[in-house]
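Asker: So the chains spell out like this:
Protein chains: 2
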Amino acid sequence: MKYPDPTSITRVTSIGGGPIGGGWAAHFLARGYDVTSYLHDRAEEGAFRTILDTAWISLTALGLAPGASLDRLRVVHDLDAAVAGAGFIQESAPENLAMKQALYHRLGRIVPENVVIGSSTSGLMMTDIQANCETPGRTVIGHPFNPPYLLPLVEIVGGERTDPAAVEWAGEFYRVAGKAPLMMKKEIPGFVATRLQEALWREALHMVANGEATPEDIDIALMNGPAPRMVSQGQCMAFHVACGAGGMATNLDQFGPALKLPWTRLEAPELTQELRDRMVDGCNAVAGDRHFADMAAQRDREIVAVLNALRAAREAP
Amino acid sequence: MKYPDPTSITRVTSIGGGPIGGGWAAHFLARGYDVTSYLHDRAEEGAFRTILDTAWISLTALGLAPGASLDRLRVVHDLDAAVAGAGFIQESAPENLAMKQALYHRLGRIVPENVVIGSSTSGLMMTDIQANCETPGRTVIGHPFNPPYLLPLVEIVGGERTDPAAVEWAGEFYRVAGKAPLMMKKEIPGFVATRLQEALWREALHMVANGEATPEDIDIALMNGPAPRMVSQGQCMAFHVACGAGGMATNLDQFGPALKLPWTRLEAPELTQELRDRMVDGCNAVAGDRHFADMAAQRDREIVAVLNALRAAREAP
Chain A
10 MKYPDPTSIT RVTSIGGGPI GGGWAAHFLA RGYDVTSYLH DRAEEGAFRT ILDTAWISLT
70 ALGLAPGASL DRLRVVHDLD AAVAGAGFIQ ESAPENLAMK QALYHRLGRI VPENVVIGSS
130 TSGLMMTDIQ ANCETPGRTV IGHPFNPPYL LPLVEIVGGE RTDPAAVEWA GEFYRVAGKA
190 PLMMKKEIPG FVATRLQEAL WREALHMVAN GEATPEDIDI ALMNGPAPRM VSQGQCMAFH
250 VACGAGGMAT NLDQFGPALK LPWTRLEAPE LTQELRDRMV DGCNAVAGDR HFADMAAQRD
310 REIVAVLNAL RAAREAP
Chain B
10 MKYPDPTSIT RVTSIGGGPI GGGWAAHFLA RGYDVTSYLH DRAEEGAFRT ILDTAWISLT
70 ALGLAPGASL DRLRVVHDLD AAVAGAGFIQ ESAPENLAMK QALYHRLGRI VPENVVIGSS
130 TSGLMMTDIQ ANCETPGRTV IGHPFNPPYL LPLVEIVGGE RTDPAAVEWA GEFYRVAGKA
190 PLMMKKEIPG FVATRLQEAL WREALHMVAN GEATPEDIDI ALMNGPAPRM VSQGQCMAFH
250 VACGAGGMAT NLDQFGPALK LPWTRLEAPE LTQELRDRMV DGCNAVAGDR HFADMAAQRD
310 REIVAVLNAL RAAREAP
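As given, the protein sequences belong to chains A and B, one line each in that order.
Residue numbers in the first sequence follow the working numbering, run continuously in steps of one, and reach 326 at the last position.
Residue numbers in the second sequence follow the working numbering, run continuously in steps of one, and reach 326 at the last position.
A hint or two may mislead.
As the list makes no split between identical chains, a pair holds if one copy fits it or if it spans any two.
With a straight-line cut-off of 20 Å between C-alpha atoms, the simulated EDC-like cross-links for lysine to aspartate or glutamate are [said to hold, decoys possible]:
#1 194 / 225
#2 194 / 181
#3 195 / 172
#4 194 / 104
#5 11 / 53
#6 269 / 225
#7 11 / 89
Hints are computed from structural coordinates only; laboratory data are not their basis.
Just so you know, these numbers come straight off a predicted model, no measurement behind them.
This is chain A alone, in the form it adopts within the complex (with noise of 0.2 Å):
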C-alpha cells in the first residue's frame, strides 16, 4: 500500500497559527497525537497559545484520549523542521491562492509523497491549489467548520491531479482521529455545509433588507426551531421521518408543489423524477431496516438531551 496504515500515524503538522490552526493542533492534540505547529510569525505565537488553552477547556470536557496533553505540542518557525517526521499535514495558511500554490510546490519537494496533506481551505479548489505542486497526488481538501476543535465535520475532496487513494486515505484517516469525514462527489465552491449555510444565511439577509425580521428574530427563530432537531437529524432525515411510513416518497408528492411557492427568494430545482428517486432512495438507504418510529422515537430522545443540557449549560455561572 503507498500510503501508511492511517491507525498507525502518531505524529501530525499543523500549518499555521490562526484560529483554524490552532484548533486542528488542540484536536489532534487532545486527541493523543503529538503534534508539530508551524507559525510563520514568532510574533503569532502569543495568540496561537491563547487559542489552544482556550479550545483546551471544551477539549476537556469532551473526553481527551489516553496520554493527550498540551505538553506533546511543539512550535516551529521553519517549515523543513516542521514537516520532518509527519505522519500526516494539516495545511491552514491564509485563503490566498498565489500563497498557497508555493507552499504547495515548497511542500512538494519537501514532504515524502507517502504523506497526505489536507487543507483547510474554506474558499479554494483544491485543482487551483495543486496547480504548482509537483506532488499533487496527496494532496486534498480537508475543510473543518468553525470551531474546528469542536465540529466534527471534515469535507474531503481532491483536486484534478489527486490520487483517489489519498482521498480514501483521508477520510479513513480523519474518522480514526475522532472527526466526522464526508467524502465528497465532486469538488464544489463552497462544498457541502457552507452552501447549505449559505443558502441559509442569504434568505436572511434578504428578509433583513425588506424589515421583514431583525438578526435577533433570526436567531430565535434558528436556535428554537430547526436547530435542536438537526443536531439529532439532518434536514432529509427529518423530513423522511416526519412523514411517517410514507417517508421522503410522501414528503416530495405532497410538499413538491411547495418547491414553486415564493417561500424563499432562492429557486428551488425542478422536481424531476430522477431527482424524486434520488431523495426517496438516499432516505431508504439512511434508515435502513429501521422503523420510522424507532428513528422519531430516538430523535425525540436526543433532543430532549440536547433541551436539558443546554438548559443546564445556560444556568451554569
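We have chain A; now place chain B onto it with these hints.
Answerer: This is chain B only, laid out in the frame that chain A set:
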C-alpha cells in the same frame, strides 16, 4: 384591558387531532393547563391518544409543571362544547383555506371576543383565514415547529384585521406557556423559520439533483457542522462572535464580496449600507455589553454540553 391577564389562563382548547393538534395538547397539558381537544372525527381518537402518549415520554423527561397530568385532557367532538370556557384556542385544522375560513367564521360567532385564537398554519396567511370571520381582531398565527411538543419556537403574526393588542397578548401568553415566541414584523409566506429551512432545503435538492451530494451527505454536513453550533447561537450571532472584536461589521466588510460567489444557486441581496447597518446594529443589540470572548466561551460550553448529551443519548439502549 380587553384580553385577560395571560398568567390567569388555566384552560386551553386545542382544535385538531393530527400530530400538530396532538402535539399542542400534550404541550399545554405538560405545562399544567386543563386541555379540551376537539376532534372532528371520533375515529381519530386512538391515533390521537398515541400521539399524546408518545409526546408525554419526552415532556416528562423535560420536566412537567406542578399538577400536570394527561388526566386533565377532555376529548370532545362538538365544537360549541369544545370552546366553552377556553382561555385560549389553538387551531390545528387541516391546511385547506376554504375549510379554515369556514371554521373561523363559526369560531368568530361562538368564541367570546376577548379569547385569542391562534392558528398553527404553516402555509396560509391570517389575512386570508380571517376573511369570513365576524370577529377577526383576536385571530393570530401561532405557528409551531415540528415536533410541536419539543421545539420551543412559535412564530406569531396577525392578519390585516387582527388587533395588534391580540398579537402582543399571544406573544406573552405563549411565553408564559413555555414557548419561545418570535414576534414577526410582517405577514410573509412561510414565516421566518420555514423560509430559512426552505432556502437550505432548495440548495440541498440542487446538490442532489447535480450529483454533488447524497441525502446522507447533506445530513452528515448539517448534523456535524452547523447544527451543534446553531443550537447555541443562530447564524447571525455565530458570525458576530466568530469575528472577534470586530463582530458582524468585520464579517460583512470582509466576507460581503463572497455574497457574489456561486456558493449556492440562490441569489443573495445587494449588500447595501442600510442592510449592513441593520445586521451590525442588530447583532450589537443582542450582544449588549457582553464581551465576544465570553460569548465564545459560553458557546463552547453549550456545544460541549450538546455533544456530550447527544453521545449519551445515542449510547443509551
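Asker: Give a verdict on every hint.
Answerer: Verification of the hints:
no.	hint	in the structure
1	194 / 225	between (36 Å within a copy, 12 Å between copies)
2	194 / 181	within (16 Å within a copy, 48 Å between copies)
3	195 / 172	within (14 Å within a copy, 53 Å between copies)
4	194 / 104	neither (23 Å within a copy, 38 Å between copies)
5	11 / 53	neither (36 Å within a copy, 63 Å between copies)
6	269 / 225	neither (28 Å within a copy, 24 Å between copies)
7	11 / 89	neither (23 Å within a copy, 77 Å between copies)
Violated hints, in rising order: 4, 5, 6 and 7; the structure is consistent with all others.
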